Amino acid sequence: MKIIAHRGGRGFGADNTLEAMEKAVRAGVRMIETDVRSTVDGRLLICHDGTVGGRVIRHTPYDEIKKHAPDRPLLDDILERLAGWVAFNLEIKCANARDTGETLEAYGILNDTVVTSFNRDIVREYKHNYPTAPTGQLYRMPYGNERKLHRALDIGAEFIAPHCSTIDEDLVRRAHESGLKVIAWTVNDEDEFSRLYGWGVDAIITDHYFKMRDLLK
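Positions 1 to 217 (full-length UniProt numbering) are the ones given, in order, by the sequence shown.
Treat the hints as calculated values from the structure; they're not laboratory data. Misleading hints may appear alongside valid ones.
Claimed, not checked - With a straight-line Cα cutoff of 30 Å, these simulated DSS-like cross-link-like pairs (lysine-lysine) come out: (1) Lys-66 - Lys-2; (2) Lys-93 - Lys-127; (3) Lys-2 - Lys-217; (4) Lys-127 - Lys-181; (5) Lys-127 - Lys-211; (6) Lys-2 - Lys-127; (7) Lys-181 - Lys-217; (8) Lys-181 - Lys-93; (9) Lys-66 - Lys-217; (10) Lys-23 - Lys-2; (11) Lys-66 - Lys-211; (12) Lys-217 - Lys-93; (13) Lys-2 - Lys-211; (14) Lys-67 - Lys-2; (15) Lys-93 - Lys-67; (16) Lys-66 - Lys-93; (17) Lys-211 - Lys-67; (18) Lys-67 - Lys-217; (19) Lys-181 - Lys-211; (20) Lys-67 - Lys-23.
To be verified - Now the in silico label distances, taken between C-beta atoms and shown as ranges: (21) Lys-211 - Thr-132: 28 to 38 Å; (22) Gly-144 - Gly-108: 19 to 29 Å; (23) Met-1 - Arg-174: 15 to 25 Å; (24) Asp-207 - Asn-119: 42 to 52 Å; (25) Glu-169 - Pro-61: 25 to 35 Å; (26) His-163 - Gly-50: 34 to 44 Å; (27) Lys-217 - Gly-144: 28 to 38 Å; (28) Gly-54 - Met-1: 19 to 29 Å; (29) Asp-76 - Thr-51: 32 to 42 Å; (30) Gly-144 - Glu-80: 25 to 35 Å; (31) Arg-174 - Gly-54: 38 to 48 Å; (32) Asn-119 - Met-1: 24 to 34 Å.
Being a predicted model, the structure only gives us computed values, none of them experimental. Beta carbons: idealized from backbone N, C-alpha and C, even for Gly.
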């Protein structure tokens, strides 16, 4: 099972900041989950929420965002410093799929970065443009297992990424039988970790990277 640090290494600093990610990598984190959104002028900003510094990201140019939220990095910023040092699980919140892929390709990590989204059209477009790149379909709601698997397979994804509360042993078994891997989020409880590990979940996203990693020992 892989352990993935949530929101750029939450616990090492402010969510989705370069400072937190660098601290996480220095501490030994091997894989980081983070979020990308497009500004109105097409810059790829690392941010979970749709607003930052009181500005709606998709309606605001990057230079203005930088004035009000100087700790908010671009995707280029984190890859320039960390590409090759840590693996990424990149959630496209509201960003151009082609631009995201081109950026990953420019840093030589396209096929090493798992790109996920709740938006099936984004995953489909990304997979169409970058067929060798690994992708995953995120789920928040407790859809039936059949629907989860069908939606992921329909867009050519290699992963399903459901909220941990919606996963059962049947889903994991059927996903593996269909050739899909399972990423669970956000797993912070030891009992929940043990249950998911026992079912064969392939990776978890967590706010407590080392606590969960130590449970594997």
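Going through the hints against the structure:
1. For the hint pairing Lys-66 with Lys-2, the CA-to-CA distance comes to about 34 Å; that exceeds 30 Å, so the pair is violated.
2. Between Lys-93 and Lys-127 the CA atoms are separated by roughly 16 Å; this keeps the pair inside 30 Å, and the hint holds.
3. With a C-alpha separation of about 13 Å, the suggested pairing of Lys-2 with Lys-217 holds against the 30 Å cut-off.
4. Annotation: proposed proximity of Lys-127 to Lys-181 holds, straight-line Cα distance about 16 Å (limit 30 Å).
5. The suggested pairing of Lys-127 with Lys-211 is violated, with an alpha-carbon distance near 34 Å, which exceeds 30 Å.
6. In summary, the hint linking Lys-2 to Lys-127 is supported, as the alpha carbons are separated by about 23 Å, within the 30 Å threshold.
7. Between Lys-181 and Lys-217 the alpha-carbon distance is near 22 Å, which keeps this suggested pair within the 30 Å criterion.
8. Taking the CA atoms of Lys-181 and Lys-93, the gap is about 21 Å. The hint holds against a cut of 30 Å.
9. Only pairs whose Cα atoms come within 30 Å are accepted, and Lys-66 paired with Lys-217 is rejected, the gap being roughly 42 Å.
10. For a cut-off of 30 Å, the pair hint linking Lys-23 to Lys-2 stands: about 19 Å separates their Cα positions.
11. A threshold of 30 Å between alpha carbons decides the hint, and for Lys-66 with Lys-211 the separation of about 34 Å lies outside it, so the pair is violated.
12. Between Lys-217 and Lys-93 the alpha-carbon distance is near 34 Å, which puts this suggested pair outside the 30 Å criterion.
13. Simply put, Lys-2 and Lys-211 have alpha-carbon atoms about 13 Å apart, close enough for the 30 Å limit, and the pair holds.
14. Distance hint between Lys-67 and Lys-2 is unfulfilled; the C-alpha atoms sit about 37 Å from each other, more than 30 Å.
15. The suggested pairing of Lys-93 with Lys-67 holds, with an alpha-carbon distance near 22 Å, which does not exceed 30 Å.
16. Simply put, Lys-66 and Lys-93 have alpha-carbon atoms about 19 Å apart, close enough for the 30 Å limit, and the pair holds.
17. A C-alpha spacing of about 36 Å is found between Lys-211 and Lys-67, which places the hinted pair above 30 Å, so the restraint is violated.
18. Taken as a hint, the Lys-67 and Lys-217 pair is broken in the structure, with Cα atoms around 45 Å apart against an allowance of 30 Å.
19. Distance check on the hinted pair: Lys-181 and Lys-211 sit about 23 Å apart at the alpha-carbon level, within 30 Å; holds.
20. Straight-line distance between C-alpha atoms of Lys-67 and Lys-23 comes to about 24 Å, which keeps the hinted pair within the 30 Å bound.
21. The beta-carbon spacing between Lys-211 and Thr-132, approximately 34 Å, falls within the hinted interval of 28 to 38 Å.
22. Distance hint check: the CB atoms of Gly-144 and Gly-108 are about 39 Å apart, inconsistent with the given range 19 to 29 Å.
23. The hinted window of 15 to 25 Å between Met-1 and Arg-174 holds, with their beta carbons roughly 18 Å apart.
24. Here the CB-CB span from Asp-207 to Asn-119 is close to 24 Å, at odds with the stated 42 to 52 Å.
25. Range check, Glu-169 to Pro-61: Cβ separation about 48 Å, and the 25 to 35 Å hint is violated.
26. Separation of His-163 from Gly-50 is about 19 Å and departs from the stated range, judged on CB atoms against 34 to 44 Å.
27. In this structure the hint that Lys-217 and Gly-144 lie 28 to 38 Å apart at CB holds, the actual value being about 36 Å.
28. At about 40 Å, the CB distance of Gly-54 to Met-1 disagrees with the hint of 19 to 29 Å.
29. As the Cβ distance of Asp-76 to Thr-51 is approximately 22 Å, the hint placing it in 32 to 42 Å is violated.
30. Separation of Gly-144 from Glu-80 is about 43 Å and departs from the stated range, judged on CB atoms against 25 to 35 Å.
31. About 45 Å separates the C-beta atoms of Arg-174 and Gly-54, a value consistent with the hinted range of 38 to 48 Å.
32. Distance hint check: the CB atoms of Asn-119 and Met-1 are about 27 Å apart, consistent with the given range 24 to 34 Å.
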